[in-house]
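In order, the protein sequence lines correspond to chains A and B.
Note that the numbering used here has the first sequence beginning at 1, numbered continuously upward.
Note that the numbering used here has the second sequence beginning at 1, numbered continuously upward.
Simulated from the structure, these hints should not be mistaken for lab results.
Even glycine gets a Cβ: it sits at the ideal position worked out from N, Cα and C.
Some hints could be false.
Stated by the list, open to error - Straight-line distance between alpha carbons at most 27 Å, and here's what the computed BS3-like set of lysine-lysine pairs gives: (1) B:Lys-26 - A:Lys-24; (2) A:Lys-141 - B:Lys-26; (3) A:Lys-284 - A:Lys-221; (4) A:Lys-105 - B:Lys-138; (5) B:Lys-138 - A:Lys-161.
Stated by the list, open to error - Just the calculated beta-carbon pair ranges, DEER-fashion: (6) B:Glu-173 - A:Lys-137: 18 to 28 Å; (7) A:Arg-35 - B:Leu-10: 26 to 36 Å; (8) B:Asn-111 - A:Lys-24: 29 to 39 Å; (9) B:Glu-173 - A:Tyr-282: 46 to 56 Å; (10) B:Gly-106 - A:Glu-207: 49 to 59 Å; (11) B:Leu-10 - A:Glu-28: 56 to 66 Å; (12) B:Lys-169 - A:Leu-99: 20 to 30 Å; (13) B:Thr-7 - A:Arg-35: 36 to 46 Å; (14) A:Lys-24 - B:Asn-32: 27 to 37 Å; (15) B:Gly-106 - A:Val-133: 49 to 59 Å; (16) B:Asp-11 - A:Lys-284: 30 to 40 Å; (17) B:Asp-11 - A:Glu-207: 54 to 64 Å.
To be verified - To list a few chain A residues with every Cβ distance to chain B over 10 Å, as calculated: (18) His-33; (19) Asp-53; (20) Ser-160; (21) Cys-194; (22) Gly-196; (23) Gly-198; (24) Val-283.
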Amino acid sequence: MSELSFFLGCIAPNRYPGIEKATKIVMEDLGVHLRELKGASCCPAPGVFRSFDKLTWLALASRNVVLSEEMGVDLLTVCNGCFGSLVDANNVLKEDLELRKEVNKVLAEVGREFKGTIRVRHIMEYLYDDVGVEKVKESIKYPVDLKVAVHYGCHLIKPSKERHLGSIENPTFFDELVEATGAESVMYKDKNACCGAGGGVRTSALETALKLARAKLENAKAAGVDCIVDACPFCHLQMDVGQTEIAKKFGDVFNMPIVHYSQLLGLGMGYTPQELGIDMNYVKNDDFIAKIEKIGGGK
Amino acid sequence: MSDTIKTSDLDKAFKDEVMTEPGAEKLILCFNCTGCTAGCTMAEHEPNYNIRQLLRMANLGMRDELLNHPYLWNCTTCYKCQERCPQGVPNVDILLKIRTMAVHSGIMLDNHRKVAQLMAKTGHAVPINDDNKEKRKKLGMNELPETVHNYPDALEEVHKIVAKTKFDKLTEEQS
């Protein structure tokens, strides 16, 4: 069984605990044991904290990486934002030895040292590269009969020089993993567009951020999908909580279910929407829950 | 109508400061093709946000206008423009450097200051709340995640780090 540390970040454990739980369950079933990364903090978020002070951003991000280095395992995240911070910090500190020295001076305050011995992984690229689409397909007991709008999000694939995940204009790996569950990935307008949350925009200019989310929701709805599938709790929050805010500010109601890939995979493995926390979204859609309850044969 | 820019008002050292960021030396390679702004998702929804213009202002040395620019914080860091730039200019990395210069000059949006203080205090930009403790229990999980929330010593490490980098001072309330 492979082992990785599980970096939780903020939004998964503190707003969508179903994503945390679903990830542990599905990875265990795939033969990947996730160990708790005890005492990890905020990644910290790349758009805001890196904007404010790069050394603080690097020091806190590298502390999280060091916790995993000390366990001797690679680190796994289920969030694009966390991936953005941790993979970029890990890569830059592996290459830039002057900067590493500066960061290690800060880490020395807490008795830690960045050594550059592990890799930072995102669940989607880990599943694609290390587990493989075939093995994911074999793990499916109940094909997930849903039409799905895949939302890659930004920091999963960009900046590409730090990622090596193929085309950033027309990526396919996420769609392949979705289709491995039996779901159909439906093409929709501006599929690769940003959800609008990142860079501190949701925090400082909510209404503008919501305009981007609204476009995303409109385009997914126009394509006739059952739900949007993402791999980032921040995109998840923006598109789920965002719907309640959009209804208030602009009057548009979408009732669009938002599902993290770990939860989608869990459905196909036979877990219930309740076990996976899919029913805990802020937007309540009973018809959708009733529909996905049937996936496991109504058990 | 726009005002004429006087060269005597420009701060020629500004772009040198921006270009201390690794990779940002490519700022001067920008030939204003506007591919960045043309493909910008934010610009589609907020036409006043124009990354090409912001980088042009940096090249010219319009320090004060840029650091106080009302749309400096509109980039969601989606990196599309950076990927597409035919000159290989790392637009987003440069913008983040300019934002850092703004914050270090004492220019910071209120909500950003709040989230910075929250993270420096709790170790999380989005900390746990009662509603989600309940959700966790309902899912059969521990009330607190295995993060700094559950390890006071680990939170102490975060506090020491932000004190060492003076991040706590940088983001504290301005009197």
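A quick look at each hint next to the structure:
1. B:Lys-26 - A:Lys-24: Answer violated: Lys-26 of chain B to Lys-24 of chain A is near 43 Å, above 27 Å.
2. A:Lys-141 - B:Lys-26: 52 Å, violated
3. A:Lys-284 - A:Lys-221: Holds: Lys-284 of chain A and Lys-221 of chain A sit about 16 Å apart, inside 27 Å.
4. A:Lys-105 - B:Lys-138: Violated, at roughly 43 Å.
5. B:Lys-138 - A:Lys-161: Violated. Lys-138 of chain B to Lys-161 of chain A sits at ~41 Å, over the 27 Å cutoff.
6. B:Glu-173 - A:Lys-137: 18 to 28 Å: Taking Cβ atoms as reference, Glu-173 of chain B and Lys-137 of chain A lie about 54 Å apart, which means the hint is violated.
7. A:Arg-35 - B:Leu-10: 26 to 36 Å: Between Arg-35 of chain A and Leu-10 of chain B, where Cβ atoms are some 55 Å apart, the hint is violated.
8. B:Asn-111 - A:Lys-24: 29 to 39 Å: 33 Å, holds
9. B:Glu-173 - A:Tyr-282: 46 to 56 Å: Cβ of Glu-173 of chain B to Cβ of Tyr-282 of chain A: about 31 Å, so the range 46 to 56 Å is violated.
10. B:Gly-106 - A:Glu-207: 49 to 59 Å: Cβ of Gly-106 of chain B to Cβ of Glu-207 of chain A: about 26 Å, so the range 49 to 59 Å is violated.
11. B:Leu-10 - A:Glu-28: 56 to 66 Å: 60 Å, holds
12. B:Lys-169 - A:Leu-99: 20 to 30 Å: 22 Å, holds
13. B:Thr-7 - A:Arg-35: 36 to 46 Å: 60 Å, violated
14. A:Lys-24 - B:Asn-32: 27 to 37 Å: 50 Å, violated
15. B:Gly-106 - A:Val-133: 49 to 59 Å: 51 Å, holds
16. B:Asp-11 - A:Lys-284: 30 to 40 Å: 54 Å, violated
17. B:Asp-11 - A:Glu-207: 54 to 64 Å: 33 Å, violated
18. His-33: It holds; His-33 of chain A is separated from chain B by about 15 Å at its closest Cβ, greater than 10 Å.
19. Asp-53: 5 Å, violated
20. Ser-160: 6 Å, violated
21. Cys-194: Violated: least Cβ distance 4 Å, not greater than 10 Å.
22. Gly-196: Non-interface label fails for Gly-196 of chain A: nearest chain B Cβ at 6 Å, not farther than 10 Å.
23. Gly-198: Contrary to the label, Gly-198 of chain A does not stay out of reach of chain B, its closest Cβ about 4 Å off (not over 10 Å).
24. Val-283: Fine: 15 Å to the nearest Cβ keeps Val-283 of chain A off the interface.
Checked against the numbered hints given earlier, the structure breaks hints 1, 2, 4, 5, 6, 7, 9, 10, 13, 14, 16, 17, 19, 20, 21, 22, 23 and satisfies all the rest.
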